[in-house]
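Chains as they are written, first to last, in my numbering: chain L, 165 to 857; chain Z, 165 to 857.
Calculated directly from the structure, the hints in this document are not laboratory data. Do not rely on the hints blindly, as some may be mistaken.
Identical copies carry no separate label here, and so any pair may be met within one copy or between two of them.
In silico DSS-like cross-links for lysine-lysine, where the CA-CA straight-line distance does not exceed 30 Å [stated by the list, open to error]:
no.: 1; residue 1: 721; residue 2: 540
no.: 2; residue 1: 636; residue 2: 837
no.: 3; residue 1: 637; residue 2: 260
no.: 4; residue 1: 539; residue 2: 260
no.: 5; residue 1: 782; residue 2: 855
Predicted model, so just to flag it, every value in this text is computed and none were measured.
2 protein chains.
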Amino acid sequence: MTSSATPQPPVARSYGPMASHPAPEYSHHTVIGRIPIRDVTPCVENGRLAAKGTEYESFPVQATVFREGHDQFGAEAVLVDPTGAQVQTVPMVNIKPGLNRYEAWLTPMYPGPWHFFVRSYSDPYATWRHNAEIKIAGNTDIHLVFLEIQELFERALESIPENSPEYGIISDALGIARIDRMPPNVRFRAITSPEVEEALAAYPVRDLVTESQQYPVNVDRIRALSGAWYEIFPRSYGAHRDANDQWISGTLRDAAVALDRIAAMGFDVVYLTPIHPIGKTARKGKNGTLTPEPTDPGSPYAIGSAAGGHDAINPDLGTFADFDAFVARAHELNMEVALDFALQCSPDHPWLKEHPEWFTTRADGTIAYAENPPKKYQDIYPLNFDNDPEGIYQEIYRILELWVSHGVTIFRVDNPHTKPVSFWERLLAEFRKNHPEILFLAEAFTAPPMLQGLGAAGFHQSYCYFAWRNEKKEIEDYLWELARVTDHIVRPTFWPTTHDILTPYMQRGGLHAYAIRAVLAATGSASYGIYSGFELVENVPRPGFEEAIDNEKFEYKPRDWQAAESTGLPHLLGMLNAIRRRHTALNRLRELRINPTNDPNILCFTKFSRPEESPDGKADFVIVAINLDPFAAHGAEITLDLSPFGVQAGWAGEPLFEVTDELSGATYQWNEKPYVYLDPAWQFAHIMSVKVL
Amino acid sequence: MTSSATPQPPVARSYGPMASHPAPEYSHHTVIGRIPIRDVTPCVENGRLAAKGTEYESFPVQATVFREGHDQFGAEAVLVDPTGAQVQTVPMVNIKPGLNRYEAWLTPMYPGPWHFFVRSYSDPYATWRHNAEIKIAGNTDIHLVFLEIQELFERALESIPENSPEYGIISDALGIARIDRMPPNVRFRAITSPEVEEALAAYPVRDLVTESQQYPVNVDRIRALSGAWYEIFPRSYGAHRDANDQWISGTLRDAAVALDRIAAMGFDVVYLTPIHPIGKTARKGKNGTLTPEPTDPGSPYAIGSAAGGHDAINPDLGTFADFDAFVARAHELNMEVALDFALQCSPDHPWLKEHPEWFTTRADGTIAYAENPPKKYQDIYPLNFDNDPEGIYQEIYRILELWVSHGVTIFRVDNPHTKPVSFWERLLAEFRKNHPEILFLAEAFTAPPMLQGLGAAGFHQSYCYFAWRNEKKEIEDYLWELARVTDHIVRPTFWPTTHDILTPYMQRGGLHAYAIRAVLAATGSASYGIYSGFELVENVPRPGFEEAIDNEKFEYKPRDWQAAESTGLPHLLGMLNAIRRRHTALNRLRELRINPTNDPNILCFTKFSRPEESPDGKADFVIVAINLDPFAAHGAEITLDLSPFGVQAGWAGEPLFEVTDELSGATYQWNEKPYVYLDPAWQFAHIMSVKVL
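Isolated chain L (complex conformation):
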């Protein structure tokens, strides 16, 4: 690796016409082509499903490419846009010499159904150069060697426009190749000059050109990958007790007012838990009790009442006009609105009467509520997707389009893993076609096959296991798995807490745990989310559960936002969102390096983005170091992985980088083994922007 300020990945090339000869006819009958290309990735279900891509996000293409005999060959990855045009061609690099695993990164530029393939070819110039160098050194076949390159130059000239500079360069080289009296060494150097090789790179001479099958990549808009979310129960905003000490629900109008505070912290998405009418029958009380007070508002996940179902708004919250006003205000504040989509029904949902065939009728003639024996959820009736698949599908499609027509651009899908994966595959494919801007987040807190399967089926984004990864080693492994192992099927989002999740680490670690996990979420993942109340360190669990006590699912929870300021968390979240806006690297998934440290509490990683991933064409680097221990300070020497930076460690430990902590503003000179000291009470993390010296 040479020393330069930014890494030098192979970049997209555009070619003039090539003097390329495709592989002869017989290879068309074979799966393994003339210059074999095997095991192409990313590949989902044999290329029958699309891998995940995002506008302005590079993704790695790999293939095993090899050939018979000793002749030189090359490979390149080709990106095909939705119109079928081959818009990027990037030379592939052998990243596992001996195993011939070739890689190149492609960068789709806008959403849509893209494809890629791998092209391999025999490289007669490289073959000639390799052989000529040895033969000239051995003074054998000199005449023949130069005859061969003359033929190759003549062939190249047939395809180069006569008025191009390359034509002149190759013509001149051809002339020199013919001068037999010139010493072979001198002639060789002259006709293999950088200028000649650049001209040949622009108008390559290739033989046996071979192409792999095409593999699909669904490219989504950037918010599918990257964004800062803020979750609210809108009824809590403005909720209050009236003169008789009875709760009065907050409304969408109240919540709209609260958007200013959320926007001020710099969030991109405001996510509403369900806003639909809530069933009365079997309604749950505070803390999920089965004995509600008459005025308990019920869980918004028990959807449907006489006032309507999934296509209606809880009258306590307001009207469609109020919803539209909420959405309009969010948009004014540059925030998108994500709506919870919980496909289940309260006993009072209109579907139970209008479409009993959409539910399961039990052997005794009753309609089945949700059960996981011995647990019974008598407030919830699950749809049976197999009774009238087409009818259910069309109704759900209609409802989603209704909300889209009211400005919802993201659906946060509750428990998608309790519905058929094939249902989602069909729905997401149709939405990608008809409403490519609409995104779906899967809340599938279940085993990896389902979580990944829903991603493969088309969900744009997935809640993941972040909340349960708290030790350094498991965080390191998980960051890498997400960035490089499952990136073709899963886009993660990191949530330190949700209304359903309050891990022991958060329960015990106090304010510092909240701050640490906020930094980890906001920098470790391109998408992350905060559940309202996080700023108040609401870390007391309901006994026996890993969720907050007095859970907002079951009651109104107006909060003292003034008091929240004193925790410093609103300020921290605001800083994190501002830092994320300044750094493309923090808004991408795939380019990550774990930097080993010599303390088990200090985690360090580098996120970076390629020049072609930024509209400004500049690479970006962020080094994050975090003390994971909320109770004590720790110091550690970090061993930085220098591979992204295009620098090598000096022999005297001299500084390689000027780094600036985006949290504190402090600037440091770092070599490849910097030391950090991180104190939870004071400075528990660095988020370093990097200037290569």
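Starting from the known structure of chain L, arrange chain Z on it as the hints suggest.
Just chain Z, lined up with the frame of chain L:
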């Protein structure tokens, strides 16, 4: 695991008519089916190429299978024979709980183009049983629980023939299910009896039945996987000096006489290095010198002279009649004849005149000999497969068929990696179709992508890196890689030496190294080979090369087979081949366990075969322990992997097995941690047949 004499893998089931309901229509539009099946293996190039299968060899099918919600499901692997009939259905077992990786082993029974797929289904009986058990224990929904099973039994009965025993069993169970006065516990036990469950297994009630795409498996005859080969240069047999001290070539008739000795050692295949006319021009002398004596016979790999090319026989060796007699004698002795197929030409090959277009014409108008600068191989002219691919293909096809018509059943292909992989893919596909009995062994001593790529392209068998794996750890890793990582594309053959290979281990280790590697080859791989002269410990290298001095490639090499007897190696080889005949386990690739030992010189592994892999329907086990050090004795405690045997270690170390060393005849009682002491000078290996106590 329960204690029993043989392992209890799931075995093939045949079903009666099923009360199965396929997944509803909408899932047909999706890639991920109703009960999702993902990442099916074995899968070569997205299922566009066939995985390797062998008659009477089980192969593992794996898939990730999961579903929405809590209901129970099942998966099975289905084997489809060349007629399209579904001939085996084996329940899949979850081998990675939490990751839902399911596995079943299928066993094709005869050669041809087979397929397999994975079927998943919702299992309403298992779901009912799971829920009923909990509900009866909690005394809830008792009436409903038994109503549900009544419906299920009624549904089952619709598909069960009325005259079958199962009809009676299920009818009785239905009757019991209806007896409300019977205590729920008693009723539950009665209707979930083994008899009822067996009846339901024979006539399963299933919903949402989902099938994966079908994946191809090319099933070859057993010799593709398993066999003991013996390599000869036929001209050496009977070669002698005449009265004038001039060499007289041995003949095919002489070689036919020598077949008795080879057959007596129990070999299955006799492999002839090329038998075609040898070029005179640029002929090489002894030890590859460029200054041959006039009577030097030349390398048989320099093919072609005025006497003919690849379709002719070197007149020194005899005629086609002699060849036919040789083949006939081999067949009488139950040996197949493998012929070397070296696709290159001496300067005197008729093709150079008749088909100069099949070669490369250089820029100076000359035809190109083989080169790898700075090395020149002026005795060898390589074909250029891209000049007239169709012409070359048809000629090669014709020549191969000619030899097939003279009884050759195996081609040992010399350097296939210097010819286009796509050429082999086409040729092998056409041979599999027209001559499925003919086998091709690839001699591709090159990097893994090509070695594996040629296997994927269709070569039946491959020389591999065995000769260069000499340390315990690297042997263990390599055995596992061949058995379980590359088994779907590569069938290995182990050769301790060849005419081209004499590794440092063999050069230095003397007779004991030869004995050790013979045992390792014959037991570590289903196919192995011995190069003539091995019995004489011809371990002196040509200086600077890892091949034998005075190499048989360049001279006659009659041998003193009487003297060979004194090495003991002919006797050892005979024993090894006899042991291999007695043990199916040694003739299969995939079922292997490495048994750790506490000495770095003592290697131990278990090979086993499933009942369905033997015509006698019995499982077979062989435990091999070898001292890899040819110079000193070593002892080691072995920790046996008990998983194949269906036994568990006792708590007092009591014997689990009676093992009999097939080499010495000695019998031992072994528990799970036997101790072995192996002395290269006396008893350097155990090949234990196993009787489970």
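Which of the listed hints are not met by the structure?
The structure conflicts with no hint, since it agrees with every one listed earlier.
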